[in-house]
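Q: One letter stands for each residue in the lines below.
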Amino acid sequence: ILNVEQSPQSLHVQEGDSTNFTCSFPSSNFYALHWYRWETAKSPEALFVMTLNGDEKKKGRISATLNTKEGYSYLYIKGSQPEDSATYLCAFRITGNQFYFGTGTSLTVIP
Amino acid sequence: ETGVTQTPRHLVMGMTNKKSLKCEQHLGHNAMYWYKQSAKKPLELMFVYSLEERVENNSVPSRFSPECPNSSHLFLHLHTLQPEDSALYLCASSQVDSSHWGYTFGSGTRLTVV
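Protein chains in written order, with my numbering: chain P, 1261 to 1371; chain C, 421 to 534.
One thing to keep in mind: the hints can contain errors.
[Unchecked claim] Heads up, simulated BS3-like pairs for lysine-lysine below, C-alpha to C-alpha not over 27 Å straight-line:
#  : chain 1 : residue 1 : chain 2 : residue 2
1  : C       : Lys442    : C       : Lys460
2  : P       : Lys1317   : P       : Lys1302
3  : C       : Lys439    : C       : Lys456
4  : P       : Lys1302   : P       : Lys1329
5  : C       : Lys442    : C       : Lys461
6  : C       : Lys439    : P       : Lys1338
7  : C       : Lys460    : C       : Lys439
8  : P       : Lys1302   : C       : Lys442
9  : P       : Lys1319   : P       : Lys1329
10 : P       : Lys1318   : P       : Lys1338
11 : P       : Lys1318   : P       : Lys1329
12 : P       : Lys1317   : C       : Lys439
13 : P       : Lys1317   : C       : Lys442
14 : P       : Lys1319   : P       : Lys1338
15 : C       : Lys456    : P       : Lys1302
To be clear, the hints were calculated from the coordinates, so they are not data collected in a lab. This one's a predicted model, so the numbers in the text were calculated from it and none came from an experiment.
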């Protein structure tokens, strides 16, 4: 079992604040890193698939970076809104079909 | 709606009951998965079906029994469960022959064993 760590476990920010959190994963056998956004009582929704060292992806106010050599990815949210409140999951994929999930970062944006 | 539908959304069952969870996808995907999420733990892979054949069974107790009758449907049959089996059970599907494929998840079944 590979260890994928996400930090912080939870955070509360004020509306309008920017925030970021981390996904750490083993740097060997890297194939891809996936980010999901999971709202309560809904399905986890794919945000990004990142494959190359130095990758940067952006979707609206949310962006992510990837460092495969040191084994981490950052997710940034600019100008947080209440609708950004969710759990953000990362999943590390090695070659083959196996995904390893982190426990998620729970974000609450306070209006 | 993501295209992956799970029923029921909530289930309460006694330890001697038999029940089944259902998952359905109409995305044309060729692989389906059962995951378990317990509180404060990562998603835990239970079973994988690829092209309707079970390709992975991660040491799951025999009181959980999967069934994949076709590429669109996946079941998880439950019998004589224990209270520690209470969790959120997520179904997912994917197209494994596309590059850098990811999962499409259902909304899950919240199972409580009493």
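Q: If a hint holds in the structure, say so; if it doesn't, say that too.
A: For each hint, the structure was consulted:
A distance of roughly 25 Å separates the Cα atoms of Lys442/C and Lys460/C; the hinted pair therefore holds under the 27 Å criterion. Our distance criterion of 27 Å between C-alpha atoms is met by Lys1317/P and Lys1302/P, whose separation comes to about 24 Å. Proposed proximity of Lys439/C and Lys456/C is supported: the alpha carbons are some 16 Å apart, at most 27 Å. At roughly 34 Å between alpha-carbon atoms, Lys1302/P and Lys1329/P are farther apart than 27 Å, so this suggested pair is violated.
Restraint check for Lys442/C and Lys461/C: satisfied, since their Cα atoms lie roughly 23 Å apart, inside the 27 Å limit. Using a Cα cut-off of 27 Å, the hinted pair Lys439/C and Lys1338/P is violated, with the two alpha carbons roughly 45 Å apart. With a CA separation close to 26 Å, the supplied pair Lys460/C and Lys439/C stays within the 27 Å bound. As the CA atoms of Lys1302/P and Lys442/C are separated by approximately 17 Å, the hinted pair is consistent with the 27 Å bound.
Taking the CA atoms of Lys1319/P and Lys1329/P, the gap is near 24 Å; set against the 27 Å cutoff, the hint holds. A threshold of 27 Å between alpha carbons decides the hint, and for Lys1318/P with Lys1338/P the separation of about 11 Å falls inside it, so the pair holds. With a CA separation close to 21 Å, the supplied pair Lys1318/P and Lys1329/P stays within the 27 Å bound. For a cut-off of 27 Å, the pair hint linking Lys1317/P to Lys439/C is broken: about 42 Å separates their Cα positions.
Distance hint between Lys1317/P and Lys442/C is unfulfilled; the C-alpha atoms sit about 35 Å from each other, more than 27 Å. Pair hint Lys1319/P plus Lys1338/P holds up; C-alpha atoms about 11 Å apart against a cutoff of 27 Å. With a CA separation close to 15 Å, the supplied pair Lys456/C and Lys1302/P stays within the 27 Å bound.
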